[in-house]
Each structure stands twice: as structure tokens, then as C-alpha cells.
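A.B. asks: Sequence:
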Amino acid sequence: MADECKHAAGIKDVTPSALGCEECLKSGSWWVHLRLCRTCGHVGCCDDSPNRHATKHFHATSHPIIEGYDPPEGWGWCYVDEVFLDLGDRTTPQNGPIPRFY
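FYI, the numbering for the sequence shown is 518 to 619, going by my numbering.
No wet-lab data here; the hints were simulated from the structure.
The beta carbon of each residue, even a glycine, is placed where N, CA and C say it ideally should be.
Treat each hint with caution, since some may be false.
Stated by the list, open to error - Derived SDA-like pairs: lysine to any residue, alpha-carbon spacing no greater than 20 Å straight-line:
1. Lys-529 with Gly-558
2. Lys-573 with His-550
3. Lys-543 with Arg-569
4. Lys-543 with Lys-529
5. Lys-529 with Arg-607
6. Lys-529 with Thr-609
As the list claims (entries may be wrong) - Cβ pair distances, simulated, as ranges:
7. Gly-613 with Ala-526: 26 to 32 Å
8. Trp-547 with Ala-526: 32 to 38 Å
9. Lys-529 with His-550: 18 to 24 Å
10. Asp-606 with His-576: 27 to 33 Å
11. Lys-529 with His-576: 18 to 24 Å
12. Lys-543 with Glu-599: 16 to 22 Å
13. Asp-564 with Leu-536: 28 to 34 Å
Turn these sequences into a full structure, and let the hints steer you where they fit.
C.D. replies: Structural data, given as C-alpha cells:
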């Protein structure tokens with residue numbers, strides 16, 4: 518699948534910004550699943566969550582690739598090319614237990 522994504526070469530090893538959705542933790546909101554930006558490490562909530570912070574982060578920054586992150590799921594998604602990526606052994610370890618809000 519990486520052949521279909523011109524952004525796959527830009528995937529970085531990152532440090533997660535929070536132990537849950539960064540914005541939801543600040544506002545007291547809840548999320549369904551977490552996504553990790555593989556450009557800067559921002560942790561945001563998925564599009565099934567009320568606030569869709571991972572997608573909002575993409576629109577604000579143009580950082581193209583996220584990782585399914587709770588637990589690390591082994592896949593990535595490129596917002597620009599709209600393709601899934603197999604991250605193989607390049608998943609990002611969690612920094613600690615992820616709180617659950619669903």
C-alpha cells in the first residue's frame with residue numbers, strides 16, 4: 518500500500534503528546550479511539566468520537582499520516598491519499614495506560 522501513498526516515506530518515529538486525546542483531556546470530553554500523528558506525535562480522537570480532534574489536527578497542520586493508537590494497531594492512514602498503510606514493526610509504544618471514556 519505504501520506504493521499508493523507518496524507520504525509514507527515521511528513517517529517519523531514520534532513521542533505521543535498525551536495519554537489520551539490531548540484536547541479531550543483538557544476539555545473533559547470523551548473519545549472512542551485514539552489516533553497518533555506520525556509527523557509530530559499529537560494524540561487526537563477518531564472520527565467516531567464527538568470532537569474528531571485527529572482530523573481537525575490534520576486540517577490545521579496538513580500532517581498527512583496518523584496511526585491507530587489505542588492500543589497500537591499496526592496500521593496508518595494517509596488523509597491526503599486516502600489509503601491505509603501497514604506500519605509493520607514501526608508502531609509507536611504507549612507511554613502509559615490510556616484512560617477509557619466510552
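A.B. asks: Work down the list of hints and note, for each, if the structure agrees.
C.D. replies: Going down the list of hints, with the structure as the test:
Taken as a hint, the Lys-529 and Gly-558 pair is honoured in the structure, with Cα atoms around 9 Å apart against an allowance of 20 Å. A threshold of 20 Å between alpha carbons decides the hint, and for Lys-573 with His-550 the separation of about 15 Å falls inside it, so the pair holds. As the CA atoms of Lys-543 and Arg-569 are separated by approximately 14 Å, the hinted pair is consistent with the 20 Å bound. A threshold of 20 Å between alpha carbons decides the hint, and for Lys-543 with Lys-529 the separation of about 26 Å lies outside it, so the pair is violated.
Of the pairs offered as hints, the one joining Lys-529 and Arg-607 holds, with about 9 Å between alpha carbons and a cut-off of 20 Å not exceeded. This hinted pair checks out: Lys-529 and Thr-609 have alpha carbons roughly 10 Å apart, not beyond 20 Å. Evaluation of the 26 to 32 Å hint for Gly-613 and Ala-526 yields a pass: the beta carbon distance comes to about 30 Å. Taken as a hint, the range 32 to 38 Å holds for the pair Trp-547 and Ala-526, whose Cβ atoms sit roughly 35 Å apart.
Against the hinted window of 18 to 24 Å, the Cβ-Cβ separation of Lys-529 and His-550 comes to about 21 Å, which satisfies the hint. Against the hinted window of 27 to 33 Å, the Cβ-Cβ separation of Asp-606 and His-576 comes to about 30 Å, which satisfies the hint. Taking the beta carbon of each, Lys-529 and His-576 are about 20 Å apart, inside 18 to 24 Å as hinted. In this structure the hint that Lys-543 and Glu-599 lie 16 to 22 Å apart at CB is violated, the actual value being about 29 Å.
Distance hint check for Asp-564 and Leu-536: the Cβ-Cβ separation is about 21 Å, which falls outside the suggested range of 28 to 34 Å.
Hint check: violations occur at hints 4, 12, 13; the rest are consistent with the structure.
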